[in-house]
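Spelled out from the first residue to the last, the chains are:
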Amino acid sequence: AQKITQTQPGMFVQEKEAVTLDCTYDTSDQSYGLFWYKQPSSGEMIFLIYQGSYDEQNATEGRYSLNFQKARKSANLVISASQLGDSAMYFCAMREGHGGTSYGKLTFGQGTILTVHP
Amino acid sequence: GAGVSQSPSNKVTEKGKDVELRCDPISGHTALYWYRQRLGQGLEFLIYFQGNSAPDKSGLPSDRFSAERTGESVSTLTIQRTQQEDSAVYLCASRPRGSYEQYFGPGTRLTVT
Numbered sequence: 001a002q003k004i005t006q007t008q009p010g011m012f013v014q015e016k017e018a019v020t021l022d023c024t025y026d027t028s029d030q031s032y033g034l035f036w037y038k039q040p041s042s043g044e045m046i047f048l049i050y051q052g053s054y055d056e057q058n059a060t061e062g063r064y065s066l067n068f069q070k071a072r073k074s075a076n077l078v079i080s081a082s083q084l085g086d087s088a089m090y091f092c093a094m095r096e097g098h099g100g101t102s103y104g105k106l107t108f109g110q111g112t113i114l115t116v117h118p
Numbered sequence: 001g002a003g004v005s006q007s008p009s010n011k012v013t014e015k016g017k018d019v020e021l022r023c024d025p026i027s028g029h030t031a032l033y034w035y036r037q038r039l040g041q042g043l044e045f046l047i048y049f050q051g052n053s054a055p056d057k058s059g060l061p062s063d064r065f066s067a068e069r070t071g072e073s074v075s076t077l078t079i080q081r082t083q084q085e086d087s088a089v090y091l092c093a094s095r096p097r098g099s100y101e102q103y104f105g106p107g108t109r110l111t112v113t
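Chains R and X supply the protein sequences, listed in that same order. All residue numbers for the first sequence refer to our numbering, where the first residue is 1 and numbers rise by one. All residue numbers for the second sequence refer to our numbering, where the first residue is 1 and numbers rise by one.
One thing to keep in mind: the hints can contain errors.
[What the hints assert, rightly or not] Lysine to aspartate or glutamate pairs mimicking EDC-like chemistry, simulated, CA-CA at most 20 Å apart: (1) 73(R) / 96(R); (2) 11(X) / 17(R); (3) 57(X) / 17(R).
[To be verified] Here chain R is said to cover these stretches of chain X; the calculated rule only asks that three of the stretch's residues, wherever they fall, bring their Cβ under 8 Å from a Cβ of chain R: (4) 16-25; (5) 43-52.
For the record, the hints were derived by calculation from the structure and aren't laboratory data. All values derive from a computational prediction rather than experimental measurement. All residues carry an ideal CB built from backbone N, CA and C; glycine is no exception.
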């Protein structure tokens, strides 16, 4: 069975600094994908970034980058130049399945609450 | 374009009553998922629909939970004889063919009193 572990219940960062949110995973699949979602207090789930297990480069999307270390089974999210609007809950998730017609079911971690201080 | 919509946004019901939650996916999205999020927790997978294939119901917590989807459109999640532990936010997501990204709706907050 797949499992996602986020060991940081809460993190604090100063505005304009970088922060790393930890995520480790466990799976027996060879093909899988890792996601990060942001959930503000409004409750919506906002997709941030995706990394496929066969992708050789770490994924980046603007201020977000995913530090993918396959051998360690970790997929940490790095947010550079933090902004006050980054304060939210962050979830790491993993999909099972493979290929363009991936089954896609997501297994989520427990989340990390990020607070950005001015 | 329009995103995933869910209704109602909030539902308060008495223990033992049945409830129906509705999800309208993004037009053209072939896959549809239901998740449950208890307070302060991550999302738990409930059920998955893909086109006309048989749904994957492996995440449904009990036989009080059921869901239907009409073709590639609307889905309803039904909870019979609600219990207090059913109180949670129920989130629906849809996904287009060939993409991994799931687009989430705003959720339905269910409170069972």
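*Given pair status - residue 17(R), residue 11(X), alpha carbons within 20 Å*: 40 Å, violated
*Taking 20 Å as the top limit, are the C-alpha atoms of residue 73(R) and residue 96(R) close enough?*
15 Å, holds
*Are at least 3 residues of the region 16-25 of chain X within less than 8 Å of chain R when you compare beta carbons?*
violated (count 0)
*Is residue 57(X) close enough to residue 17(R), meaning Cα to Cα at most 20 Å?*
Violated. Residue 57(X) to residue 17(R) sits at ~43 Å, over the 20 Å cutoff.
*For the region 43-52 of chain X, do at least 3 residues have a Cβ located nearer than 8 Å to some Cβ of chain R?*
Holds: 5 residues of the region 43-52 of chain X have a Cβ under 8 Å from chain R.
Violated hints for the displayed structure, listed by number in ascending order: 2, 3 and 4.
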